[in-house]
Every structure is written in C-alpha cells, then in structure tokens.
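If you read the protein sequences in the order shown, they are chains A and L.
Sequential numbering of the first sequence, starting at 1, is according to our numbering.
Sequential numbering of the second sequence, starting at 1, is according to our numbering.
FYI, nobody ran anything at the bench for these hints, they're computed from the structure.
Note that the Cβ used here is the ideal one computed from N, Cα and C, for glycine as well.
Warning: the hint list may mix true and false statements.
Stated by the list, open to error - The calculated label-pair distances, taken between Cβ atoms and stated as ranges, are:
1. Thr239(A) x Thr186(L): 50 to 58 Å
2. Arg184(L) x Gln189(A): 51 to 59 Å
3. Thr315(L) x Gly43(A): 56 to 64 Å
4. Val301(L) x Thr273(A): 43 to 51 Å
5. Pro292(A) x Leu314(L): 33 to 41 Å
6. Arg57(L) x Gly43(A): 18 to 26 Å
7. Thr313(L) x Leu260(A): 30 to 38 Å
8. Ala227(L) x Pro178(A): 44 to 52 Å
9. Asp310(L) x Arg246(A): 29 to 37 Å
As the list claims (entries may be wrong) - Counterexamples of contact, computed for chain A against chain L with all Cβ distances above 10 Å:
10. Ala45
11. Thr60
12. Arg96
13. Leu127
14. Glu176
15. Asp179
16. Gly180
17. Val191
18. Glu300
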Amino acid sequence: MTRMTIEQAIHQALAEEMRRDERVFLMGEGVATKRRDLMQDFGAARVRNTPLAEAIIAGTAVGAAASGLRPVVDLLFAPFLTYAMDALVNSAGKLRYLSGGQFDFPLVALSMTGSGWCVGAQHNHNLEAMFVHAPGLKVVMPSTAADFKGLLKAAIRDDNPVLFFTDLALLHQEGEVPDGADHLVPLGQAVVRRVGADVTLVSYAKTVGVCLQAAEQLQAQGIAAEVIDLRTLKPLDETTVLRSLRKTGRLVVVTEASGLCGMAAELAALAVTRAFDALRAPVVRLTGPDAPGASSWVLEQAALPTAEAVVEAVQGMLGDAVVVREALATT
Amino acid sequence: MSAVGMTDTLCRLEAMLLIRAYEETLVEFQRGGAPGTCTSVGQEACAVGVVGALESRDRILTNHRSAAHLIARGADPGRLMAEVLGRVDGYCGGRSGSLHISAKELGVVLTSTIVGGELSMAPGVALAQKMGQGEPGGITTVFFGDGAACEGIFHESLNLAVQWQLPLLFVCENNDWQAFVHRRETMPDNAIADWAAGHGLPVATVDGNDVEAVHAAALEAVAAIRADGRPRFLELVTYRLRGHFEPDDQAYVDADELARWQARDPLQSQADRLLAQGALDADEFAQLREQAAARIEAAMVFAQASAWPDPRTLTHHVYAEQGAHS
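Chain L on its own, in the form it takes in the complex (with noise of 0.2 Å):
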C-alpha cells in the first residue's frame, strides 16, 4: 500500500474515533435527561467510506441518524454539538435540534426525519444537478435505513431516478433495527438488495462495518454515476449498536446477536488491520483517541457556551423574504 493510501486508511480510523467520541458524549450528557439523539454507533464506517468517496460538489441527503454524515463530511463538532442542545450557534441556528440537522455549507441539505422523507427529495436534488444548477458533474447521495426500504416512497423514488436518469446513488445503511422492531419482522432476507435490483438499478451490497470495503464500493459506484449520468444503489450491511434513541435500555435486543455485531466494532477492525500492517501503534491508536476525545470535550464547552435563541425570533425563516430570488 502508497504511503498516501496508508495515510487515508488512517484518515478513516481517525474520522470515525471522532464520530464515536461526539455520539458517546451526547449520550453521556443525555443520561437521564429527555429524550436524545438517534446515534449511529456501530455504523460509522458507512458514513465515513461513502462520504470519503465524494467530492466538495455533490449534494447528501440524511435522516435523524445524521451525526456521523456530517462529521465525515467535514461539519463543526461544536456546532453540531451546539444545534443538538438547540443554541444559536447551531448549522441551524438551535430551531433543527439533532433530528433534522443540514449544512448547506458543506452541501449537507435538506435532512427529514420523517423515514423516506430523504427519499423523496434525493431525485429533485439531483434532478436540479442534470439541469444545470450547481457545479458541473455533481452527483447526490442519500443515506437511508432498511426502515425507509420499508416505505412506499422507497419504489417511487427509485424508480424516477432510474427511469429519468438521474445522477444518485442510493446509500441503504441496513442496521437490522426499524426503531423498536427487528427488520426479520418486516421484510424478507435479501429484500433490499433485490427490490433496488428489480428497479433495473445496480446493486452492490457490502460489508457496511468493514470502512475499506465499503469506500472502495463507493468509490466505484460514484465513478460509474458520473460516467453514464446513471443511478446506483449500495446497500451496507451493519448493525445500530445502541438503541433507537437515547436513553433505550435495548431489553428488546438479543444479547447474543447484539455481542456479535459488538465483536465487529468498525472501528476496532479497522484499528487491528492498521496495527497488524505495522501503521500504528498501541500508543498511536490510543492517543487518536485521545485527541478525538479532546476535540470532542472542546466541542462540548463551545456548545454549553453558545447563547439560546431569542424568544423573539420564534417566527423567523418560516417564510422567504420576497424579492430575494424572483
């Protein structure tokens, strides 16, 4: 492996280390408080090979699992953190919260927490790309669950970006779980992949744990989207480690198939290929970590910090300003 290739393999190691600590610290500090966020621990690997396969012209669509998206793609641990406790210095000024979180800056737009409300936006997002609007050869890419497969807006959606063309790529982070029912309980095994395949899409369906694997698929079905224009769909298959959202006590969970998935921690993979290639050390490894978890500490003092909202701003930006556009 180049030295280069060695570097983004740590890269990678690195981005989800962050992701984990911002998670752990949100449920830390939601402990016994009101409902919290959605996590996505256990599947950081999804995010950051997907996202790693991008570039600053293409558009993401996500959902309330959104946190390790956008911290892959770049997003303020501390404005994430600060829009999650809903102050002002938030990507959405506090008004999002973590369920709805979107960063037109870093072309993280239009996140819906309405399972498949991703979907139904994605084809018109990367209609308005094959029209002309942003830069020339973008391409968007929506992350949903095996829950969202289970909507109806999942076939209509994939059926408009096969059938106009469209240059999307399809992101199915299958995690088992649709909030507190088990996806045996919905669908049948290997649906998701062959629903998308009998849409006329290509399939690629991948070890969502395994970060290298899962980059090196997108890296393909990206290249292929921008060849011929054309839609792909890569379903990864992963496991939401912790429950729908904070706190879950996950008494509905089977202890034997949680402790598996346990024993495939992306992260932990990802850290034992790099140590067994000689690219990192005990220590290294343990003061990625650390920083992680500083940069993460740091991110918390900024949000607790940030001011609350005016009162008075109740109704602001529920309307656009005429004139602005037109």
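Only chain A is shown next, with the shape it has when bound in the complex (with noise of 0.2 Å):
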C-alpha cells in the first residue's frame, strides 16, 4: 500500500496503461502542459494538447477508439461536457448499435465537477445522470484514492466509451492505493464502506464521506448504518444495494446531484420495484436543489446534503424503533 492523493492516483492510472498498451494516448486542453513527464516517457503523439474546443476533442476521440486506439480525453469541467454532447451520446453511445456491432468504442471521457471550489454552475455540475440516461455509455463517479486508480484503468481496458467523473474537493485528499499495476477495480460493483443492520445509506464520490460521518453519529445512539458507495452509476450494481434493503429494510439515498431524474430517483425505484415487500419505511431521497451550483462558500455548501441531515432522516424513519431501543437501555 501507498499513501497518495486522488490526484496522483489519477496520474498513476494514465502512466500504468500507456505503459502496458500503445493504442492507449491521451489528448485534452493542457494534459501535455500538466503532464509532463507523461509528455516526456511516451512522446507528444500521444499526449496531445488540443485546442479549447470540446466538441472536436470528443469527436475525435470517437473516431480515433472506432479505429483501433484507445483515447482518455481530459475534459476538464463537467459542465463543459455539454458542448461535447453530439460526439458523446450520439456517436459513442449509439453507433456501436445502430452499426449492428461493427464498432467498438473504447474511450474514456475525464471530467471534475462538485462543490468546494466556489466556481460556480458553469464549473461545477453533477450532471453525471444524463450520461446514465444515454444507451451505450457507462458512468464511473468513484470516491478513494484507491478506486480512483483502479477504476480509471478497469475504464481505460473497457471496450465501451466510460465517463469519468471527479469530485474536486476530494482531488486532494489522500488514501492507501494497492501496490503493482494490476490493481484494478471491475466496473459495475458497488461496495459496502460501513456494515450495519438498520439502515441503508447509499451514495457516490464525496457524499460517500458525509453517509459514513453520519453512520458514525448514529452509531452513537445505537442505530447501525450500512453505507453503500456505488462507485459505477452505469452499469448500476443493483445487487449490492438490493442485498442491503432486504437486511435494513430502510433506504437512505445522498447525491449531491439534484433529485429529478437523478440517481437518487433510480434508486428509489429500484427498491420499491424489487424490495417493496421488503421496505419497513419511505425511501428518503436527500438531494441537491433543483438550482444552479452558486459561486458563494455558504450557498455551495448549503446546497450539499450534510450528515445533520442524513442523521435526521434516518431518526424519522426509524421513529418508533429508536424510541423501543432508547427504553430497552434505560431499562
């Protein structure tokens, strides 16, 4: 094991899988001004400077992946996403189909989003399910330094087009990374952070972390939090989450996205479609605002689900039960 920030294992990832394949090549505004020394051991053709123009870095990735490469576009904000739209969800994801399967697509789209930077909505924007919601894509949204590297390079060796998601705030936060290049996390599995037995607590990126300071404070009143960090948005590990419901019977979901049509939203479907028998409360839903990222340090943060809250909902949700124990203790 390593210490290392997100940022580093980020770095790794790119450096281990230019080494182990050749089509492997990266291109976006500055990657080869910030990376140099990836510039230095694999060339300027593959670490490539583009101009500010998302739509052609994407497009051209597309082309480049449907012709025996394996591009990682870096592109920056995930707000900026937008402009890349076409190449992303019209070519990526549904040429591979409408081509019955001549094409393959094996790109990796990088981009930073969430608050803690004060940018403001045009920088920051988890607009991740828009992605989840376009057919041929996957999402990855991952929260440790260790998973960082893992599923960046799982992302890079995948055959489909992956977009990759990075909480900013956690950029710089550090976390023990498994030693070797083969050190790779599959797509698709979520992973249980905190095992506990009353209630289902599941999120992605940095809300991961405000889910286990909550189980923490609600340990302290006796109530077990199993805190579930999905990792992939897309293809969504339904098993994990639906494996928990049945054992909690309570479900608590934290994006810092907002609501509508959100993961949170999916979430909740899935368990009243397929744990409804199992469910002992409402599914709460603790969401961003359906408004944009303010710039301001107390408007971003105020627009951030906190463990206040996710201690709150759960206290209403298990209501009579924490009163039972509460007198069992005292008694």
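Dock chain one against chain two, each of which comes alone in its own frame, and use the hints as you go.
Next comes the structure, spelled out in structure tokens:
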C-alpha cells in the first residue's frame, strides 16, 4: 500500500495504462502542459494538447476509438461536456448499436465537478445522471484514491465509452492505494463501506463521506447504518443495494446532484419495484436542489446534503424503533 | 484518350446509373408511405468521382445522404436496400435504416446523420491512420454538405486537421439546400471555400456535376495528402434535385433554378460526353440503363425476401462484450 492523493492515483493510472498498451493516448486542453512526465515518457504523439474545443476533442476520440486506438480525453469540468454531447451521446453511445455492432468505442472522458472550489454552476454541475440516461455509455464516479486508480485503469481497458467523473473536492484527499500495476477495480461493482443492519445509506463520490460521518453519529445513538458506495453509476450494481435493503428495510439515498430523474430517483425506483415487500419505511432522497450551483461558499455548502440531515432522516424513518431501543437501553 | 481511360469513363457512367436506379426505386417504393430516405439524386458525380480516386486502405465517413458513396465504394445494393427496409441482411442488421449506414468491410465507417457529426469524428479516424492503425499510407475522406459547413464543428474539424497535419480529405457537396432552407439564406456566396482557405487548407472548387472534373480534382488532392500527410479541401458545386427526404413536393423550390440544374444532370452530361466521343452509342446507353435497373430490381427482391430482425435481439449490440480487445 502507498498513501497518495486522488490526483496522484489518477496520474499513476494513466501512466501505467499508457505503458501497458501503446494504443492508449491522452488528449485535452493542457494535458501535455500539466502532465509533463507523461509527455516525456510517451512523446507528443500520445500526450496531445488540443484547441479549446470540447466538441472536436470528444469527436476525435470517438473516431480514433473506432479505428483501433484507446483515447483518454480530459474535458476538464463537467459542464463543458455539454459542448461534447453530440460526440458522446449520438456517436459513442449509439453508433455501435446503429451499425449492428461493427464498431467499438473504447474511450474514457474525464471531467471534474462538485462543490468545494466556489467555481459556480458552469464549472460545477453534477450532471452524471444525464449520461446514465444515454444508452451505450458507462458512468463512473469514485470516492477513494484506491478506487480512482483501479476504476480508471479498468475504464481504460473497457471496450465501451466511459464517462469518468472526479469530484473536485476530493482531488487532494489522500488514501491507501494497493501497490503494483495490476490493481484493478471492475466497473459495475458497488462496495459496502460500513456494515449495519438498521438502515442502508447509498451514495457515491464525496457524499459517501457524508454518509460515513452520519453512520458514526448514528452509531452513538445505537443505530447501525450500512453505507454503500456505488462507485459505478452505470452499470448499476443493483444486487449489492438490494441485498442490503433486504437486510435493513430502510433506504436513504444521498447525492450532491439534484433529485429530479437522478440517481436517487433511480435507486428509489429500484427499492419499490424490486424490494417493496422488504421496505419498512418510505425511501428518503437527500439531494442537491433544482438550482444551479452558486459560487458563494455559504450558498455552495447550503446545497450539499449534510451528515446532520442524514442523521435526522434516519431518525425520522426509525421513529418508534428508536424509542423502543432507548427504552430498552434504560431498563 | 487511352483504352483504359475510356473504360474508366464508362465505369463512372455505369456507377452513376446504378446509384440513380437505386434511389429512384426506393423513392417509388416509399411513395405514399412513411417519411423515407434522403436521396442524392443529382449529386452522383460527387460520390463517383471522389470514391473512385480512393484505395481500399482509405476510410470514408459519410452522412444521411450516403447511398451514392456506399454504392460507389462497391456496396451491394441488395444489402443496402435490406438495411433501408430494416431487415437482417442489411449492412447493420436493420438497426440503422437509411440514415446511418456504415459498412466496415468497405471502409465506410461511422456514418452520422447529425449534420456535422461526420466532421467531428473524421479527424480521429485520420489520426488513427497517422498513428499506425490500418494499412500504411491510408487517408480518410469525409463527405458533408453546405448545411454542415454552417455548424460550428466544421471549423473545429478543419482547424484540428490543419494543426495536427492529418491525412484527411474534406469533401463538401455544396448542393444549395440545407433541409428546407436555401443556402442563399444561410451564408455569403463563396463562404465555404473562403472559410476552408481561412483555416489554411488548400481548396479546390469544382463543378460537382462533372464526374471527370471531380475525379481529376480528387486524384490530385489524394496524391497531395499521401505525399505530405496534410489535409485538403474539395468544394463540389452541385444541386439537390429532389426534396430533403421522400416524399417531398418541393413546392418551396424555385422552378427555374430546378430546371436549370435538371438540364445539367450529371448522368446525361457524362453520357453526352461518351456519345460525342463515339465511345458509346444510343443503344449501348439504353442497355446500360437496363442493366442498372435489373440489378436494382434484383436488389429489391433480395431485400424484401430478407427476414425481419428477431425482436428478442432488440438490445443486442448496445455494449461491447468485455475482454474482446483489451
């Protein structure tokens, strides 16, 4: 194990995969400027600065991916993806299907989002669910350094287009990362971060940390919360969520993204369509508001689900059960 | 003109006749039905002249008006027709229909019906060739229209191709129509060539209804790209003789303008040239037409006999099976 920041984990994943497979190459606004060591190791042909033009960066990645290369494109901030929508959604996501499977699109599109830098709504917009909704695409949004490295390496090796989102508030967070170039985390597998039997808290990216804080506070009240980190949003690991839900009967979904038609809505639908009989309380969604991200620190933070809100929601769900436990504890 | 040259000239007429017969047969078939195909009637010389200048190692990207490019490249009209009818023997198993047909085996890749979509992907295909994928020395050709030249991606694509020195031939079939809007409403005259030149591209503007002129210009551009690896731009001035898609009464089209262009039909021009040269007589011309019609008739029979896709395969091909290439 080596301790490193998430930014370092991303960089290491890129370097290892470029070393492993000469078809892998990197392009984007400033990749050659910012990742000078990759530029020196792999040359200007494989580490390419681009014009400031997201549509053609993404389109070029699609064309290259279908022609035998495995591009990784850095599109910087998630809202910029809207300029690349045609290439990602109409081309990468659809042309495999429309061609009857003649072409594969092994590409990774990197972007950052999330509150914490006060950059405002045109640099901070958790729009990951838009891509979950688009057929043919996979979507990854990890929370730990080990997962960033392992999932990025797996995404680069995947034969499908993968949207890889980095919560920018996590970028400089450190974590233990397994040593060696073989550390892979398969796409489509959630992980149980904390085991508990009373309630299931599901999240991804930085709000996993919010859930873990909440679980700690709930523990002090005698409530055992299970925390699931989805890691991959598509394909969605329904099995891990349903298994937990069947145990706890209570589901709280926590996302920084807004709620309408988002991951929280999808997980609520999963619960009521596949585990209705197991539910002991209505599903709770704690999400960001249907509002653009504000720049002011206070407003930005006000949009985030907090550990306190999670605790309150769980207390509300457990209601009588909590009272009974407290009574038992005092007798 | 040499005997070989005469044969090629005749072949180009034959190819144009086959394309015209294919599209007219489809138009007839779709008459009165649901919205049908976007034809390239009147633009056959563009496809035949350019595609004939390419080699098998080259790659082609096209758009919703793709039948001429595919047939010029040697596509089987039966499999094309089957695709348009949504049958399993189509090039894409019936999933594309007429609008996004690609045929990897022919090097016709990544067809997009999003106007400008083909321009967004073409630099990547050319970049892969430059970075050693595919047969050495291959180039990429992308076909688009004056409508696509109004998209922002047109400029992004040209700029990147020039900056990265990509082996890419841009072919703009300037057919005066952008869906239901005439080009005069959307851009200044000569804008396309000026814009391309502004990006630093060598541009040739050619009569797109003269298949020999198109072919000569394409040969020159292709040779130049192979020699220095840099992109080139062809503007082919032509006209969309039919509507945006079938059926279309073209009530919005200026009758005099349409008549002027009908009089410049690229098939008739090529036939007249051959007749004047004595390389073709009226009977032989009639025979060529009949041969083309017979091939397309057989293609339609094949397509209609082809099975419908199994509905149980609805979600096949959305995602790649993991492990195939990694």
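Any of the earlier hints contradicted here, and which numbers?
-> Going through the list in order, the structure violates hints 3, 10, 11, 12 and respects the others.
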